[in-house]
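Peer 1: Listed below are the residues making up each chain.
Protein chains: 2
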Amino acid sequence: MAMAVGAESQIRQITSATNSLVKVFRRALADGRTRDGWVAIEGPRFVEEALDAKDCAVHSVLITGGAAAQFSEFVTRLPQDAEIAQVPDAIFEALSGTKTPQGIAALVELPRWRLDEVLARAESPIVVACGLQDPGNLGTLVRSAQALGAAALVTLPATVSPFNPKALRSSAGAIFRLPVFAGIDSGDLLARLRRAGTRVIATDAKSGQDATEAALRGRVAILIGQEATGLNDVLRREADLQVKIPIRADADSLNAATAASILLYEAARQRGFVYEQRVVKA
Amino acid sequence: MAMAVGAESQIRQITSATNSLVKVFRRALADGRTRDGWVAIEGPRFVEEALDAKDCAVHSVLITGGAAAQFSEFVTRLPQDAEIAQVPDAIFEALSGTKTPQGIAALVELPRWRLDEVLARAESPIVVACGLQDPGNLGTLVRSAQALGAAALVTLPATVSPFNPKALRSSAGAIFRLPVFAGIDSGDLLARLRRAGTRVIATDAKSGQDATEAALRGRVAILIGQEATGLNDVLRREADLQVKIPIRADADSLNAATAASILLYEAARQRGFVYEQRVVKA
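Residue numbers (the working numbering), protein chains in the order written: chain A, 30 to 311; chain S, 30 to 311.
No lab work stands behind these hints, which were simulated from the structure alone.
Any given hint could be a false lead.
One copy or two, it doesn't matter: identical chains are merged, so the pair holds either way.
Said to hold, decoys possible - Straight-line distance between alpha carbons at most 25 Å, and here's what the computed DMTMM-like set of lysine to aspartate or glutamate pairs gives:
#1 Lys235 with Glu305
#2 Lys235 with Glu112
#3 Lys273 with Asp118
#4 Lys235 with Asp110
#5 Lys83 with Asp281
#6 Lys235 with Glu77
#7 Lys195 with Asp279
#8 Lys195 with Asp214
#9 Lys83 with Asp65
#10 Lys128 with Glu77
Nothing here was measured: the structure is a model prediction, and the numbers come from that model.
Construct all of the structure, not just a fragment, from the sequences and the given hints.
Peer 2: Structure representation (structure tokens):
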């Protein structure tokens, strides 16, 4: 076995389903986050993404007995102060949020971004999710936003949480690398965007300027409406520009996350796909 | 009530859960299709999409007692030979595939497209789903393909069915307007594409030409790989061109349906968003 003796000796053995760490994991995997705001994730690929993300801290790892040998490499990569515990398969299965538990879960502290600093530095689009309800959609949007170089993603209060377990899974690790601000009041956000000199762009499937002709360079925030009803009138009126993606006349609309991803692609295209470095404050 | 007397008199009253039409609906709503290949759909919005789609035939409609008055307008729009039945709410709820049943379901016959004719006529991309597993992803892809002017969507055998109930819901009615061919053998398809003079384009997140620089005009087929593993090597080697979407260096990848949608947008952009009319053979 490749496991270092030092690392192996760190592993706590837990056999009780009422153990406090087991309880913390159970609640966190159901809610997506602990009370401290650490995100709860499952599966080796997701844990690896967290370990690879320089600015995230993996605090606790839960491994099943059956999978311990398989994950020994992860254990050696954990920070010194991380808590590692091993539980029987049955306990793990009972707290897992997935149909086919993969035997490893972790609690991860995300970098603490400051919204005004991110807005002041942003050279690529800020994505604003205004009421998206489907966690898979929101997670997909986080994934696209990170991959296509958005500076941050902000959600308004009536939007599904980006830390919802299904949203986290759909984000495919992008949540560790993209500044995300959840539940920001729209009036407050619009004021901050104005202060930062950010142009506000509304997406509108019916009217608006064609995306290819709209100026998506410079400092912009792209507002994405709710899946069924789109963007509300107040937000639409606040926007500096309405943009649409030209689709077939006999088509209804695009999926909200898809439409947002296409606009992010178009914005990146207009910028020559030059993606800025992301600086994290210590 | 706005319901025409003629239409109202057509409505059969069914009170037994073992009635043969109830059984047909139960199986079809679980599988997505009847044995005759008619798709099973639920909800007023979806039924309206089917009625609006000129080339589809709505054969049977099931309405709950509680919702009959609300859907009287649908009934007047049904073809003369359509079967309309009313069932008690409890029976409807038991056969519904959704958490909040909306009291109306229908069986719809799609147009019978012929693959070789569609390929011979295609002036916009053919989308080929090569192993997608998530029905929501595939349905979203159908929706994007229709909206962004693809000529057809083809799935290879190991791909989730485009008629899976969740895929149908995610397609948001696009399934009624886009030629879809399910479970076509890859060797057979590639031969047909060659005969039709179609260039085969593989998507590859790592290598390949940037989408903006790749020639996506003319007759092309875009192959979309499986969510986790991408496109298999055989298909990749068969492609005339490898294309990638330029993303951040520290990003993993885009969601498969998102990546496909962006390529369809890019193809439409290169064609000036000129979408062709779709001709259905009688």
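Peer 1: A separate judgement is required for each hint: does it hold in the structure or not?
Peer 2: Quick rundown of the hints versus the structure:
In the homo-oligomer, the alpha carbons of Lys235 and Glu305 lie at most 25 Å apart only across protomers (19 Å), although the nearest pairing inside one protomer, at 32 Å, exceeds that limit. In the homo-oligomer, the alpha carbons of Lys235 and Glu112 never lie at most 25 Å apart, since the shortest distance is 53 Å inside one protomer and 36 Å across protomers. Taking identical chains as interchangeable, the C-alpha atoms of Lys273 and Asp118 are never at most 25 Å apart, the minima being 50 Å within one chain and 41 Å between chains. With identical chains, the CA atoms of Lys235 and Asp110 are never at most 25 Å apart, being 54 Å at best within one copy and 36 Å at best between copies.
In this homomeric assembly, Lys83 and Asp281 come within 25 Å of each other (Cα to Cα) only across copies, at 15 Å, whereas the closest approach inside a single copy is 42 Å. When the C-alpha separation of Lys235 and Glu77 is checked against a cutoff of 25 Å, the pair qualifies only between copies, where the shortest distance is 20 Å, while the shortest distance within a copy is 42 Å. In this assembly of identical chains, Lys195 and Asp279 lie within 25 Å of each other by CA distance solely across copies; the values are 22 Å between and 32 Å within a copy. Only within a single protomer do Lys195 and Asp214 lie at most 25 Å apart by alpha-carbon distance; the minimum there is 23 Å, versus 33 Å between protomers.
For a Cα distance limit of 25 Å, the shortest separation of Lys83 from Asp65 inside one copy, 20 Å, qualifies, whereas the shortest one across copies, 55 Å, does not. For the identical chains of this complex, Lys128 and Glu77 are intra-copy neighbours only, at 20 Å inside a copy versus 35 Å across copies, given an alpha-carbon limit of 25 Å.
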